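Chains as they are written, first to last, in the working numbering: chain A, 18 to 252; chain B, 240 to 532; chain C, 15 to 239; chain D, 484 to 751.
Keep in mind that the hints were calculated from the coordinates and are not lab data. No experiment lies behind these values; they were computed from the predicted model shown. Treat the hints with care, as some may be off.
Derived coverage of chain A by chain C (criterion: at least 3 residues anywhere in the stretch with Cβ under 8 Å from a Cβ of chain C; other residues may be distant) [unchecked claim]:
#: 1; region: 26-35
#: 2; region: 57-64
#: 3; region: 75-85
#: 4; region: 98-111
#: 5; region: 161-173
#: 6; region: 187-198
#: 7; region: 234-240
Which chain A residues face chain C? A few, computed with CB under 8 Å, are given here [to be verified]:
#: 8; residue: Ile68
#: 9; residue: Gly140
#: 10; residue: Val182
#: 11; residue: Pro217
#: 12; residue: Val219
Positions of the beta carbon are idealized from the N, C-alpha and C atoms, including for glycine.
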Amino acid sequence: MKRLIPRVITTAVGVVLIVTALVVRPEAEATGGPLAVFDFIDRNFSVWFNILAVFAFILGGANLLRVHLLKVVRRQTDWAFSLVTLVSFVAVLVVGLAKLGGPAGLEGSVTHPEAWLTTVFDGLYEPLMSTLFALLAFFVASAAYRAFRLRSVESSVLLVAAFVVLLGRTPLGTWLSNLLPPGLAFLRIDTLSMWILAVPNVAGQRAVLIGIAVGVIALTVRLLAGRDQRSGGPA
Amino acid sequence: MSDPSRTGLAERLGRLDRRWLYLVLLVAVGVSVVLRPLFPDQPSVFVRPVFERIERLEPGQSVLVSLDYSPVSAPEIEPMAFAITRHVLLRGAHPVFVTLFPEGPAMYERLRVEVLERDFPELVAGRDWTMLGYKAGGRMVINAMRQEMAAMFAGDAEGRRLGDLPGLRGYRRLGDFPLVVSLSSGTPGLKEWILYGGDPSGVPVVGGCTGIGTPEYLAYFPSQLQGILGGLKGASEYEAALADRHPGAGFPRRAGRVMGPQTVAHVVILLFLVLGNVAYLRRPGRRQPEERP
Amino acid sequence: MSTSFEVWIAAALTLMVFSFLWRDNPFYKFAEHLFVGVSAGYWMVLGFWSTLWPNAVVKLVPEAARVTEPAAALPDRDPLVIIPLALGLLMLLRLWPRAAWLARWPTAFAVGTTLGYNLVRTVRSDFLAQIHATVAPGLVIRTPAGAIDWIATGNQGVIVAGTACCLAYFTYTRTARRARGGVARAGLLLLMVAFGASFAYAVMSRVSLLISRLQFLLGDWLGLA
Amino acid sequence: MAWLAGVHWDLVVVLLLATAALLWGMRRARRHGPAPRRRIAGLEAMSEAVGRATEMGRPVMYVAGTQDLDDVQTVASLGILGAVGEMTARHGCELIMPTDRSLVLTAGREVLRESYASAGRSDDFVPDMVSYVSDDQFGFAARVDGVIARRRPAAIFLQGAFYAESLLLAEAGAQVGAMQVAGTAMSHQLPFLVAACDHVLIGEEFFAAEAYLTGDVDRLGSLRGQDLVKDVTIGVLLIGALMVTVADVSGWAQLAWVRDALLAFLEG
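Pulled out of the complex, with its shape left as it was, chain A reads as follows (with noise of 0.2 Å):
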């Protein structure tokens, strides 16, 4: 019972979804019958989910208050760190339910301009996360350094794409295309980077594509079909 139930769930909700995805349309108007509990369904289910996805909110917050304050009892390394983390964690959780800085009371949105909420997001959370996105500049730089070497034929491939279509972006490549004599125009460096782009690229990320829709649907047919008999349950 105890790993049956789970099962029975798991196939009784994905199936009711998929078949209401395959029978309401959107755009028409509901008729009652049996396109009403459809309906019902296709309106309400992701809503639970959310719903569900916050409330293990209290389970992820749990543990990160656990994981840091053990730190700090235990004066583990790097313990003064942690309390950064659970002083400005508390701090920004209470500044957010209460809704300080804003209009009185509970009232008004939690992003209200002069929410204490916002300032702390323009202060300290909005430059941390473009600097954060910033660093993928020197990321970017180092793992081509590192992985675009003539090492096989496939990664010899994966470097000239690269370096056509790098070389294309700069004034460099088009000062260079110059140089070809007319009746080699069609391997000008920005042209020849576009084409890469618009002809092989489409053709192996559709592919991609179409391959990722067979892996979901195997996936989705295993589990259920109650095929998948995966040491965690259904998860």
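Given the coordinates of chain A, assemble chains B, C and D onto it according to the supplied hints.
Chains B, C and D only, in chain A's frame:
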């Protein structure tokens, strides 16, 4: 076996600490952000037809320019709108603006203040250029304009009647225009102008789009779409062509200035690629794991 | 140089994060731990006020709507939100070992909804739509005037054949895979072209993020640019 | 029965045919044993990487993507996690799994508890091997990069749905010399992972990983069914494109009718 000193260099390059790469990239981009260098640029095969089309306009002809973008993509598209508008006016032609985006009128306002009024103070709205405004409906708007401009627009955005607008005299439907320019960040935009405007009416369509969106439109080039400006690079190429052909005008090169640090970064990364491979090919024996601090 | 307190804070945080490029260090650790605390709290607050409050609390107790909007019309009561709330409570039973097996139910519900919602959408937009896009233009492309556009025709041929080759690469059964050896290999090489090209193409947008960060540091903060 | 007209019959047909192919593959595998499979280097590398981590006395890190449990890739990733968990349990190797979603935290713990139990090492299971960081993609990446720099895992598995943070995680791993196996169906992140990781499971390979790793007969059988579906797809692509062309060029009315029917079917 090659010269030992060269092998030594190659070996050191191969085991180069990644932090040197970071430092070189940081300094190169940082310096170019401060100095804002302007690199010579030239129109590619995609941009040149757009430039030549507009260069061939007769004084007094009207061009339909559709501002199909929003503030989000303005950093890429707006320099194109500025450069093309300047070019059209420089040729003595008459731009007729429309927009299929609800944010389009705000984009036109920026264009009016920063280009029309600043660079062409002697020109007058309604007489030398026309803004018809925003209409919701995407491709349906284009369909209607193909039949009859008046069916969609009773007048311009400032309330002048269509019949009183000199820029639309003799332009009753889309097919009467010598050229349609769509500056587009998505849907509705360039694709709709090609499929519902250019293809059925035969009017030549050119356009500009974001860098990410470019490959999608290449399928229509060069027969259905006669030319396209792709992202900042396309805008920068156009600005360079404009400065080259009309050196006296002295317009600012907005995209060209941002392209400076971009180009520097690309060249640095290209250099890394070349150095990495030189080191790899010159190394004696098998590949060793690179040094990790 | 800027005189704004906020600009100085943002500049300090920016430098702390960039210091990770050198090595892990106390400044990065500070920024990292601050970021975790602030962002975790921020998302939980948003989750509470934008999902849990309107979709669960207000639907159970309509009067609660007046807490955030005193003038609001009271919505209908929807007692069925008890279901997700009950599932949520079951999840908390994980903390009590003897009832821990009940905590599997909410996970089972979550997995069921995921599979159910995604299958049909994937089949439509990733499977059928991609096949349609490949097949619909045919193999011969014409200009609007009716003449054959040889360049576009060639490109379309490459796309159709290339898609087929790449799909052949994903074959798992060994005998079938051997039979199409060369084709599958061509597919892999084509995938490598696609990956190399889109990597290089994305470099530009990643670099522009760095440029805007450096513009902030060198311009807004130091006043150099 | 007017509502029957609103049913997406083309999708029904596709789903029924695909399901039939998958069930056929499973039945065949049960009767005759699973068909021999081609090697997927990334999957062979996974157990090698766990062994290497054990020898070096350094942990294994598992990241199940950065999306919630409402993404199919996260569900697929939990299946791979189950197999990886059994490997680390058998080797007695430390496993760390930071998550950015609370639902993935609880589901990940359920999966690992089971795989440690089935490896006979229930006592080694510690709930805290799975931890929650932050729902923010970059807050999560900042933390994971820090953990990678400090704990220096010898093996890192990035399996699931990733966005821009993919390269932030993969480069941090490369810098400490970890052996990295990534797997994702996010086509726009594949180029970065291919560049930065030792092995990458591309798209469908990622969904096949669980079958390969567990060696389960039904799952391996369904791979055979997947191959059949792809063969039919390749046929539709080639024959369809050819037929559309012939219909356009020849102008035969009957063929034009077939072409329109096929395209209408594919349009959904």
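Hint by hint, which ones does the structure fall short of?
6
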